[in-house]
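Peer 1: Sequences listed follow chains A, B and C, in order. Mapping to numbering that gives the first Met the number 0: the first sequence position 7 is 6, numbers consecutive. Mapping to numbering that gives the first Met the number 0: the second sequence position 146 is 145, numbers consecutive. Mapping to numbering that gives the first Met the number 0: the third sequence position 46 is 45, numbers consecutive.
These are computed hints drawn from the structure, not numbers from a lab. Model, not experiment: these values are computed from the prediction. Think of the CB as a built atom: it goes at the ideal place given N, C-alpha and C, for glycine as much as any other residue. Don't take every hint at face value.
If the Cβ cut is set under 8 angstroms, some of the chain A residues that face chain B in the computed set are [unchecked claim]: (1) Thr191; (2) Ala192; (3) Ala193; (4) Tyr266; (5) Trp383.
One-letter residues, chain by chain:
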Amino acid sequence: MTLLKGAVPYGEGDPVDILIEDGFVSEIGTPESDGGEVIDAHGLIALPGFVDLHTHLREPGREDTETIETGSAAAALGGYTAVFAMANTDPVADNPVIVEHVWRRGREVGLVDVHPIGAVTVGLKGERLAELGAMARSDANVRIFSDDGLCVADPLIMRRALEYSRGLDVLIAQHAEEPRLTVGAQAHEGETAARLGLAGWPAAAEESIVARDCLLAGHVGARLHVCHVSTAGTADVLRWAKARGTQVSAEVTPHHLLLDDDRLNTYDPVNKVNPPLRTSSDAKALREALAEGVIDCVATDHAPHAPQDKDCEWSAARPGMLGLQTALSVVVRTMVQPGLLDWRGVARVMSERPAEIAGLPDHGRPIAAGEPANLVLVDPKATWTVNGARLASLAGNTPYEGMELPGVVKATMLRGKLTARDGQAVR
Amino acid sequence: MKHLLSCDGLSRDAATAVLDTADSLKQTLLGREVRKLPTLRGRTVITMFYENSTRTRVSFEIAGKWMSADVVNVSSSGSSVGKGESLRDTALTLAAAGADCVIVRHPASGAVHRLAGWLSHTHTSVVNAGDGTHEHPTQALLDAATLRERLGGLDGRRIAIVGDVLHSRVARSNVHLLTTLGAEVVLVAPPTLLPTGVSGWPVTVSHELDAELSAVDAVMMLRVQAERMHGGFFPSAREYSIAYGLSEARMRLLPDHAVVLHPGPMLRGMEIASVVADSPRAAITDQVRNGVHVRMAVLYHLLAGEEEVA
Amino acid sequence: MPRTRGAADPGERRELLSAGDVARTVARMAHQVIEKTTLGGTDAAPVVLIGIPTRGAPLAKRLAARIAEFSGADVPTGVLDVTLYRDDLRRHPNRPLEPTSLPDGGIEDKLVILVDDVLYSGRTVRAALDALRDHGRPRAVQLAVLVDRGHRELPIRADYVGKNVPTARSEGIEVLLEELDGRDAVELVG
Numbered sequence: 000m001t002l003l004k005g006a007v008p009y010g011e012g013d014p015v016d017i018l019i020e021d022g023f024v025s026e027i028g029t030p031e032s033d034g035g036e037v038i039d040a041h042g043l044i045a046l047p048g049f050v051d052l053h054t055h056l057r058e059p060g061r062e063d064t065e066t067i068e069t070g071s072a073a074a075a076l077g078g079y080t081a082v083f084a085m086a087n088t089d090p091v092a093d094n095p096v097i098v099e100h101v102w103r104r105g106r107e108v109g110l111v112d113v114h115p116i117g118a119v120t121v122g123l124k125g126e127r128l129a130e131l132g133a134m135a136r137s138d139a140n141v142r143i144f145s146d147d148g149l150c151v152a153d154p155l156i157m158r159r160a161l162e163y164s165r166g167l168d169v170l171i172a173q174h175a176e177e178p179r180l181t182v183g184a185q186a187h188e189g190e191t192a193a194r195l196g197l198a199g200w201p202a203a204a205e206e207s208i209v210a211r212d213c214l215l216a217g218h219v220g221a222r223l224h225v226c227h228v229s230t231a232g233t234a235d236v237l238r239w240a241k242a243r244g245t246q247v248s249a250e251v252t253p254h255h256l257l258l259d260d261d262r263l264n265t266y267d268p269v270n271k272v273n274p275p276l277r278t279s280s281d282a283k284a285l286r287e288a289l290a291e292g293v294i295d296c297v298a299t300d301h302a303p304h305a306p307q308d309k310d311c312e313w314s315a316a317r318p319g320m321l322g323l324q325t326a327l328s329v330v331v332r333t334m335v336q337p338g339l340l341d342w343r344g345v346a347r348v349m350s351e352r353p354a355e356i357a358g359l360p361d362h363g364r365p366i367a368a369g370e371p372a373n374l375v376l377v378d379p380k381a382t383w384t385v386n387g388a389r390l391a392s393l394a395g396n397t398p399y400e401g402m403e404l405p406g407v408v409k410a411t412m413l414r415g416k417l418t419a420r421d422g423q424a425v426r
Numbered sequence: 000m001k002h003l004l005s006c007d008g009l010s011r012d013a014a015t016a017v018l019d020t021a022d023s024l025k026q027t028l029l030g031r032e033v034r035k036l037p038t039l040r041g042r043t044v045i046t047m048f049y050e051n052s053t054r055t056r057v058s059f060e061i062a063g064k065w066m067s068a069d070v071v072n073v074s075s076s077g078s079s080v081g082k083g084e085s086l087r088d089t090a091l092t093l094a095a096a097g098a099d100c101v102i103v104r105h106p107a108s109g110a111v112h113r114l115a116g117w118l119s120h121t122h123t124s125v126v127n128a129g130d131g132t133h134e135h136p137t138q139a140l141l142d143a144a145t146l147r148e149r150l151g152g153l154d155g156r157r158i159a160i161v162g163d164v165l166h167s168r169v170a171r172s173n174v175h176l177l178t179t180l181g182a183e184v185v186l187v188a189p190p191t192l193l194p195t196g197v198s199g200w201p202v203t204v205s206h207e208l209d210a211e212l213s214a215v216d217a218v219m220m221l222r223v224q225a226e227r228m229h230g231g232f233f234p235s236a237r238e239y240s241i242a243y244g245l246s247e248a249r250m251r252l253l254p255d256h257a258v259v260l261h262p263g264p265m266l267r268g269m270e271i272a273s274v275v276a277d278s279p280r281a282a283i284t285d286q287v288r289n290g291v292h293v294r295m296a297v298l299y300h301l302l303a304g305e306e307e308v309a
Numbered sequence: 000m001p002r003t004r005g006a007a008d009p010g011e012r013r014e015l016l017s018a019g020d021v022a023r024t025v026a027r028m029a030h031q032v033i034e035k036t037t038l039g040g041t042d043a044a045p046v047v048l049i050g051i052p053t054r055g056a057p058l059a060k061r062l063a064a065r066i067a068e069f070s071g072a073d074v075p076t077g078v079l080d081v082t083l084y085r086d087d088l089r090r091h092p093n094r095p096l097e098p099t100s101l102p103d104g105g106i107e108d109k110l111v112i113l114v115d116d117v118l119y120s121g122r123t124v125r126a127a128l129d130a131l132r133d134h135g136r137p138r139a140v141q142l143a144v145l146v147d148r149g150h151r152e153l154p155i156r157a158d159y160v161g162k163n164v165p166t167a168r169s170e171g172i173e174v175l176l177e178e179l180d181g182r183d184a185v186e187l188v189g
């Protein structure tokens, strides 16, 4: 039994006390608690626990950069109660054995619900479909499939994947990148890349795939999820597709909301990510599209990398950034502070919509009596300074190093059990 | 000045100082039997070339030797560079071994900026001898030195840069340097060989060489790398040559005083007709000669003054 | 190295030589050169005056003019920048190079008289001797300075001295010349 005293759900109205019993919210208002733990939540906002549709936990294969255990700790500290682990591990999560391993490790660690994402194609090669059904029916109960890191570029394979997914009621999440247009690409194709002599990654390489996939999904009557939307043009395509009834959802990363390719001038690969940081006007369009609902949710694309894979020349560096522990703060900075989203909106884009998209029944639920106690307490007034070395991830490749960011996660609760409190993961 | 990494951001005063020093050095060495100055005696200069380039490496080596520096050449074969050692470790090793200056050519754009960052706590200077498709500042400086010599100055002069701008570090460095020194630059290339973001550059762009030639004071032909010719950037070498090659007929469209530059190595016939390359208005051997003096000047400015730990 | 001239200096300034003194001093040095080099004599080596930038260059020209006036002999002059030969480059901010121009006949087998404004540590003269060696082999080298302020750090002495001025190391000597500074004077700054 735990009593959260004085929290403000969704940042709306008067502070209330929330009583949690047996993993559920049992009472809200001024309940009596006898004998249980009391958490002083005065001044804190209560939100449903966050759901990340896009996380790289690196296990199996690159346990030197992140493990399911360290990644789970980072997730709990970031306010997450569920994460979806991408399939581009080594070996690739394209079969029941790997996805069940990931799922089981996540349960053992117990800090966050770890849902493996299965690969769409065998070995992420884009050539033939992986056994989606076997993964969906495995203990891991895989709900989302993606070749993320690589695009399912062949239109026929993509069509078949979308078509086939319908029969399993699972979701295909596409990393939209036309590979022929991004051979050797290093940076957003624009003025900065032209000046720095970095091979361009044109916006159209993303937009053309998103447009194609929306048309294919519409044609075969399947759902489609678009990973890490990065351009204003993609937002326009999504707006158009949604208007004509396509079942498409989309995510945006915190870094594409906040950062732009001005960052590249130092050639520090901590800013190298795929899709690349775009222009400031793209970032503005993405913030607006997220506020408007054209982009459904925020997903981190948390991508830990070893120092030697970042402390090198730009073109040799691996793309990706840490994101789990900084996502909320970046959303507060880019969306809440400018008035684009209120706290209910934060709950929508970081918890409710991603849970809906993934079909998670017990996450992203209202804060109400009888609902699962998957909650996060946020101090909206506090700020913190990012220090990569002190984040829970094994890797330290955060692009926000040294930045002072608003919004601090004070506690995270998974089915009534504290998983993070005051900056410490609770095992 | 501790490093020379790019012409982007190089001030007019700093660039002019290097060019003036190069002029003085050229005068100083003119007609001498002993072409050796003691200025950098006891200083160690390491050239580190991750791409083949005999002409640039030799030019730097001669520059260092004429200034009495000890010059050590490291190339990617026959050193730990070929054994998969990281650029960072190689750089820190060379700095620890006593390099006062490392001169680096690397296929990755920005590699020299990373090096300068890793060496920021040491006294070691970094000179960019060409990084990927980014910049090649000493080439631009020697081009500017040659143009100053031939044209008397760069203010108000109009220079056409012709060819594969997209992949050219020479073009990027020259755009920055020549405009900083007061010249107007016009880039002439098919749209496929211009960067998408070229609109942000302080230049005008043209796709028609013939329309530009009568109004320029100099034309700089860029190298077209063989791999580009089959990369679909243009239909054929023949079509490129017809539209953008500097033929003898085109040379006649140039004003009498106009100079022809080429950073070399030249593709005679395709980029530039032999008659043009060997004509008196071609300053191609001057470029090579000035290259040594410019690189001596760069070493002088980086190494001869007070030690800087930035 | 002399400091920047003419600009407002916080230290106290005292005039050591007036414009008239400078003219008389140069004239006296010209006489000494004529006498000591037996200028015009049959056995005498041909003399060239080589100024060390910055102020040695106009001084060499003035000296040559006086010599011509007094003896009728036309003495060629030149300028020798010694910056590239200095051993103290690392102790100072980077300095621009000055042009070097030697007289048409060169210095081979000539009696070279180096001309500078102030003789102090002797390091500039040492650098000049090294620089000369790279241009040829003079029969002999002599040194003429307007002011010798002492504090030598090398075994070097001047053959012709306009004025000996005992100084403290903390003090500075500034030579001002019409050609560069708009007026002639020698001042002690300290």
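Peer 1: Does each hint hold? Answer for all of them.
Peer 2: Consistency of the hints with the structure:
| no. | hint | in the structure |
| --- | --- | --- |
| 1 | Thr191 | holds (7 angstroms) |
| 2 | Ala192 | holds (6 angstroms) |
| 3 | Ala193 | holds (3 angstroms) |
| 4 | Tyr266 | holds (3 angstroms) |
| 5 | Trp383 | violated (26 angstroms) |
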